[in-house]
Amino acid sequence: MKQLVLLLVLFAALALVPAFVGSDFWMNLIIMVIYAALLGQAWNILGGYGGQFSFGHAAFFGTGAYTIAVLQVQYGINPWVGLVAGGLLAAAVAGFIGFATFRYGLKGSYFALITLAFAEVLRILSNSVPFTGAGVGLLIDLDPSAANLQFATKAGYFWLLLTITFAAFLTAWWLGNSRFGAQLMAVRDNEDAARALGVDPFRVKMSAFLMSGMFSGLAGTFYAQYFLYLDPSIAYGSAVSVESLLVPIVGGLGTLFGPLFGAVALHTLSEVTRELIGDLPGASLVLYGVLLVLVILFSPRGLAGLVTALGLRRAAARAGKKETRA
Amino acid sequence: MPDLAIVLPSVLNGLTTGALYALVALGLTLIYGVLHIINFAHGALLMLALYAVFFLNVSFGVDPYLALFIVPPLMFALGYGLQRLVITKASHGRDENILLVTLGLSIIIENLALMVFKSDTRIIDTPYSFEVFEIFGTFLPQPKVYAFIGAIVTAAAFWLVISKTDLGRAIRALAKEPKGARLVGINVNHVFAMSYGLGIACLGVAACLLLPSYYVSPHVGQGFVLVAFTIVVLGGMGSFVGALIGGLIIGVVEALGGLFLGESLGQIGIFLIFIVVLIFRPTGLLGHKV
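Chains as they are written, first to last, in the working numbering: chain A, 1066 to 1391; chain B, 335 to 624.
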């Protein structure tokens, strides 16, 4: 319950941010952090709570992004419809992959591989078929109006993003506090034991995958509306897949606020390096890679784990003090 | 039905490419068989080996085939070190962590290469780059024929090491029964690192054989890594013969896909095979269990 209150307060406070931040530069930075947190939380729902490590979340992100873009550009369908369709279609792709893999109990390396392969298949397809604009990509016409899901100010985009992100975080909170979430985590920790207790691992993992895919797809629809441009490597390239998994792993796997910590940490880090060494190609990704290796080597539970460990140590120290006093 | 005169060269070309794919996959399958991890850094390390061959040639005039005596041992040492110093330490007893660490390593290596070498595509010039052999009435570039032979010889040597030497026996013991292997006095960490090193040395061999007919760029490994995964899955995780057969099949599928569907869509055949195999026969052609 404490977490839910914290979550509500946090997002309420965030919703007020545009009132205080005037500069577009800072708004953009904040938007990118929240966007990373959304990508991360989407991955965290399946990877953190469910223990299924996807290396190809771009498959869902890209599907969401292309859905909203193609519907608008090729068929003139309103992007609000595209937003919903994007989320649903991304979930459908997740459902298909999940059905193919979980049915045979494929997990671990296999699961990572098959998600990666699907993202790659979709990248090649989107690079080849005409309605995605192939390699040239798709440009969405600029026409700012709320009905058109385009906003003249950053604040409009921010609130749209914040709403989706809030839904993702609320889902994660629910996972941490519901019967379904408990089943999901039981499957993550020991699938056989969970099955013995009457949990259906296939159903549980599928549900988590659908939610995860949907939120990733929604992040894709936001991306398309925010940047108004898409091409196959943006939509289905490995950068999105890597960012999706890096954020929660750095922040704290399977924790509610981990993706937020991770998003803030990664963006701070990449901004600082950009200041220090300029826009060298690959530099920020090298840093991401180093961070990933360091986190796994030294703090496999991420920043959230580090905070908990520090908190525990402090609590232990306090308890120790009390004892000596007594 | 297209003419045999068009299909045959394609198939032969596919076989030569496939043999190289098999070599890359051989390392992957060894690492998987023993360590039960998928080495996501495989493509990045292949790229590194290719750059090593490239610079040996450009800076010191070392022929790529002469580099066979230099690059594979270096890659072996690198692999051994990586396994002992980074990968083992990262596991904390969970396979997922190893998966992530190798992914992290690949991100680091690839983007360092991008920073240092820029995204230029580079090729080397050898006297035999454009020479051809005539086989069954079709012309095959000489480097591809050498690569094919080299890959088969390496695979055979590999098989000898695994089946006839003490090291091979230790590796197989560890793959089957890690606890038992430890009990009979096998130095587990050493053998793990040897396996990883051997797997990476395969990449060194592949790089030397590949470069005369190929190119190198920071992202060159990405293309290979998914193909190699496909081969390993198709052949059966951990199966050496499977990797060899799988490699040849994939090489031919890719060549024919390119012939009939065009270059960009041609690769899709590989991934479709991958997905179909994973869905219908996840143990692969020659694998035993997942």
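No wet-lab data here; the hints were simulated from the structure. Only a predicted model underlies this, so the values are computations on that prediction, with no experimental measurement involved. We treat Cβ as the ideally placed atom computed from N, Cα and C, and that holds for glycine. Among the hints, a few may not be true.
20 Å max Cα-Cα, derived SDA-like pairs, lysine to any residue [said to hold, decoys possible]:
| hint | chain 1 | residue 1 | chain 2 | residue 2 |
| --- | --- | --- | --- | --- |
| 1 | B | Lys452 | A | Pro1346 |
| 2 | B | Lys510 | B | Val525 |
| 3 | B | Lys423 | A | Leu1359 |
| 4 | B | Lys423 | A | Val1355 |
| 5 | B | Lys452 | A | Ser1364 |
| 6 | B | Lys452 | A | Ser1349 |
| 7 | B | Lys423 | A | Pro1346 |
| 8 | B | Lys423 | A | Ser1349 |
| 9 | B | Lys452 | A | Pro1365 |
| 10 | B | Lys452 | A | Ser1298 |
| 11 | B | Lys423 | A | Ser1364 |
| 12 | B | Lys452 | A | Ile1342 |
| 13 | B | Lys452 | A | Leu1359 |
| 14 | B | Lys513 | B | His370 |
Just the calculated beta-carbon pair ranges, DEER-fashion [as the list claims (entries may be wrong)]:
| hint | chain 1 | residue 1 | chain 2 | residue 2 | range |
| --- | --- | --- | --- | --- | --- |
| 15 | B | Arg615 | A | Arg1379 | 38 to 46 Å |
| 16 | B | Met449 | A | Thr1333 | 16 to 24 Å |
| 17 | A | Val1086 | B | Lys513 | 54 to 62 Å |
| 18 | A | Phe1245 | B | Asp500 | 46 to 54 Å |
| 19 | A | Ser1088 | B | Gly415 | 19 to 27 Å |
| 20 | B | Ala491 | A | Leu1359 | 50 to 58 Å |
| 21 | A | Leu1069 | B | Phe614 | 43 to 51 Å |
| 22 | A | Ala1080 | B | Asn523 | 47 to 55 Å |
The hints, checked one at a time:
no., hint, in the structure
1, B:Lys452 / A:Pro1346, "holds (8 Å)"
2, B:Lys510 / B:Val525, "holds (13 Å)"
3, B:Lys423 / A:Leu1359, "holds (11 Å)"
4, B:Lys423 / A:Val1355, "holds (15 Å)"
5, B:Lys452 / A:Ser1364, "violated (33 Å)"
6, B:Lys452 / A:Ser1349, "holds (15 Å)"
7, B:Lys423 / A:Pro1346, "violated (30 Å)"
8, B:Lys423 / A:Ser1349, "violated (25 Å)"
9, B:Lys452 / A:Pro1365, "violated (33 Å)"
10, B:Lys452 / A:Ser1298, "holds (19 Å)"
11, B:Lys423 / A:Ser1364, "holds (12 Å)"
12, B:Lys452 / A:Ile1342, "holds (16 Å)"
13, B:Lys452 / A:Leu1359, "violated (26 Å)"
14, B:Lys513 / B:His370, "holds (14 Å)"
15, B:Arg615 / A:Arg1379: 38 to 46 Å, "violated (54 Å)"
16, B:Met449 / A:Thr1333: 16 to 24 Å, "holds (21 Å)"
17, A:Val1086 / B:Lys513: 54 to 62 Å, "holds (58 Å)"
18, A:Phe1245 / B:Asp500: 46 to 54 Å, "holds (52 Å)"
19, A:Ser1088 / B:Gly415: 19 to 27 Å, "violated (47 Å)"
20, B:Ala491 / A:Leu1359: 50 to 58 Å, "violated (37 Å)"
21, A:Leu1069 / B:Phe614: 43 to 51 Å, "holds (44 Å)"
22, A:Ala1080 / B:Asn523: 47 to 55 Å, "holds (53 Å)"
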